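Asker: Sequence:
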Amino acid sequence: MASSTPLFLSSSSLLSPRSISRLNSSPSSPMFPSQNAPPLLVAHCCSSSHNGFLSNSVNPRTQIVTRTPFDAMADEGSIPNPSYRWKRVLLKVSGEALAGDKAQNIDPKVTKSIAREVSSVTSLGIEVAIVVGGGNIFRGASWAGSSGLDRSSADYIGMLATVMNAIFLQATMESIGIPTRVQTAFRMSEVAEPYIRRRAVRHLEKGRVVIFAAGTGNPFFTTDTAAALRCAEINAEVVLKATNVDGVYDEDPKLNPKAQLLDALSYQDVTTKDLSVMDMTAITLCQETISLLSFST
Numbered sequence: 001m002a003s004s005t006p007l008f009l010s011s012s013s014l015l016s017p018r019s020i021s022r023l024n025s026s027p028s029s030p031m032f033p034s035q036n037a038p039p040l041l042v043a044h045c046c047s048s049s050h051n052g053f054l055s056n057s058v059n060p061r062t063q064i065v066t067r068t069p070f071d072a073m074a075d076e077g078s079i080p081n082p083s084y085r086w087k088r089v090l091l092k093v094s095g096e097a098l099a100g101d102k103a104q105n106i107d108p109k110v111t112k113s114i115a116r117e118v119s120s121v122t123s124l125g126i127e128v129a130i131v132v133g134g135g136n137i138f139r140g141a142s143w144a145g146s147s148g149l150d151r152s153s154a155d156y157i158g159m160l161a162t163v164m165n166a167i168f169l170q171a172t173m174e175s176i177g178i179p180t181r182v183q184t185a186f187r188m189s190e191v192a193e194p195y196i197r198r199r200a201v202r203h204l205e206k207g208r209v210v211i212f213a214a215g216t217g218n219p220f221f222t223t224d225t226a227a228a229l230r231c232a233e234i235n236a237e238v239v240l241k242a243t244n245v246d247g248v249y250d251e252d253p254k255l256n257p258k259a260q261l262l263d264a265l266s267y268q269d270v271t272t273k274d275l276s277v278m279d280m281t282a283i284t285l286c287q288e289t290i291s292l293l294s295f296s297t
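All the letters of the sequence shown, read from the start, carry residue numbers 1 to 297 under full-length UniProt numbering.
Hints listed in this document are in silico derivations from the structure and should not be mistaken for laboratory results. These numbers come from a predicted model, not from an experiment. Any given hint could be a false lead.
Here are the simulated distance ranges between beta carbons [what the hints assert, rightly or not]:
1. K206 / K258: 44 to 54 Å
2. E205 / E288: 22 to 32 Å
3. V191 / E233: 14 to 24 Å
4. A171 / A103: 14 to 24 Å
5. K258 / S153: 34 to 44 Å
6. A171 / K87: 22 to 32 Å
7. P194 / D246: 32 to 42 Å
8. L255 / M280: 13 to 23 Å
9. S146 / T289: 18 to 28 Å
10. M280 / I157: 16 to 26 Å
11. P194 / A232: 10 to 20 Å
12. P194 / K258: 45 to 55 Å
13. I196 / K273: 34 to 44 Å
14. R197 / L124: 21 to 31 Å
For lysine-lysine, the following DSS-like pairs were computed, each having C-alpha atoms within a straight-line distance of at most 30 Å [unchecked claim]:
15. K273 / K254
16. K102 / K258
17. K102 / K254
18. K112 / K87
19. K254 / K109
20. K258 / K112
21. K206 / K87
22. K112 / K102
23. K87 / K109
24. K109 / K206
25. K273 / K258
Each residue gets a CB set at the ideal place from its N, CA and C atoms; glycine is no exception.
My request is simple: use the sequences and hints to build the entire structure.
Answerer: Here you go:
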């Protein structure tokens, strides 16, 4: 009987084919549960070490280690045509991640890097959808109440910021030959398609990358919630959350220098300890059927 073995990626390369093709030598690793296991949450903390992730005492169905932003599963004896753990994934990219060193709102080097990594994955037959944030340009929640802006108006401006990011990322991807479609939660037909679930799925099946913009189209909902919602709607198996922080802490490290970086998390940990992985609406959606991996860019 063929056994399944996990593949590891370093934090320096999110989705490279070389990383995906590198098999772990231990097919019985407790790090990865069976395909029928409930959804898991992973917080990646940028360590280059892949040793000692989990002891046998940790139940991988409720907790998992924080070292792998993306993993795949390959059947033994079929490395030339491996069967990857996920067929369809949703990548959530924060606006702050697109800004790079913040010298400008969008760093072309960052978008080009994302495009190349996505290209390396789609070339393997894995379908990729993307949800982009807009915090590098405008964060609605931060502006609400300022200069007469109510929260709804501020959130709508933030949604427009995500559309700008999406169009920029689309242009970058198409410049290196990746067929890409942008779909927005409200109609902007001159620059993007409206979000239609069946059309989005069809694009993915044809090998196109789909970038979802404008969040959910409703104020008071974050782009993290949009990522969880779109992931569920298009039947993607996992949300890969790219951020500009190096992991999940038990407290805000900016306020408490002694804050501890957490190595293993469950959805219950996030809700009971009120950890800042995603907002609670997104976490509630994910914990039903969706696995979440949060990692640093």
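Asker: Run every hint past the structure and note whether it holds.
Answerer: Each hint tested on the structure:
1. K206 / K258: 44 to 54 Å: holds, 51 Å
2. E205 / E288: 22 to 32 Å: About 24 Å separates the Cβ atoms of E205 and E288, which means 22 to 32 Å holds.
3. V191 / E233: 14 to 24 Å: holds, 22 Å
4. A171 / A103: 14 to 24 Å: holds, 20 Å
5. K258 / S153: 34 to 44 Å: Check passed, 40 Å falls within 34 to 44 Å.
6. A171 / K87: 22 to 32 Å: About 27 Å separates the Cβ atoms of A171 and K87, which means 22 to 32 Å holds.
7. P194 / D246: 32 to 42 Å: Since P194 and D246 have Cβ atoms about 37 Å apart, the given range 32 to 42 Å holds.
8. L255 / M280: 13 to 23 Å: holds, 20 Å
9. S146 / T289: 18 to 28 Å: At 38 Å between Cβs, range violated.
10. M280 / I157: 16 to 26 Å: With Cβ atoms ~24 Å apart, the hint holds.
11. P194 / A232: 10 to 20 Å: Since P194 and A232 have Cβ atoms about 19 Å apart, the given range 10 to 20 Å holds.
12. P194 / K258: 45 to 55 Å: The hint (45 to 55 Å, Cβ to Cβ) holds, given that P194 and K258 are roughly 48 Å apart.
13. I196 / K273: 34 to 44 Å: holds, 38 Å
14. R197 / L124: 21 to 31 Å: Roughly 24 Å apart at Cβ, these two residues keep to the hinted range, so it holds.
15. K273 / K254: With a Cα-Cα distance of about 18 Å, the restraint between K273 and K254 holds, given a limit of 30 Å.
16. K102 / K258: Holds, at roughly 26 Å.
17. K102 / K254: Holds, at roughly 18 Å.
18. K112 / K87: Measuring from Cα to Cα gives roughly 23 Å; hence the hint holds.
19. K254 / K109: holds, 27 Å
20. K258 / K112: violated, 35 Å
21. K206 / K87: Distance of about 13 Å is within 30 Å: holds.
22. K112 / K102: Measuring from Cα to Cα gives roughly 16 Å; hence the hint holds.
23. K87 / K109: holds, 28 Å
24. K109 / K206: holds, 27 Å
25. K273 / K258: Given pair K273, K258 holds - Cα atoms ~17 Å apart, limit 30 Å.
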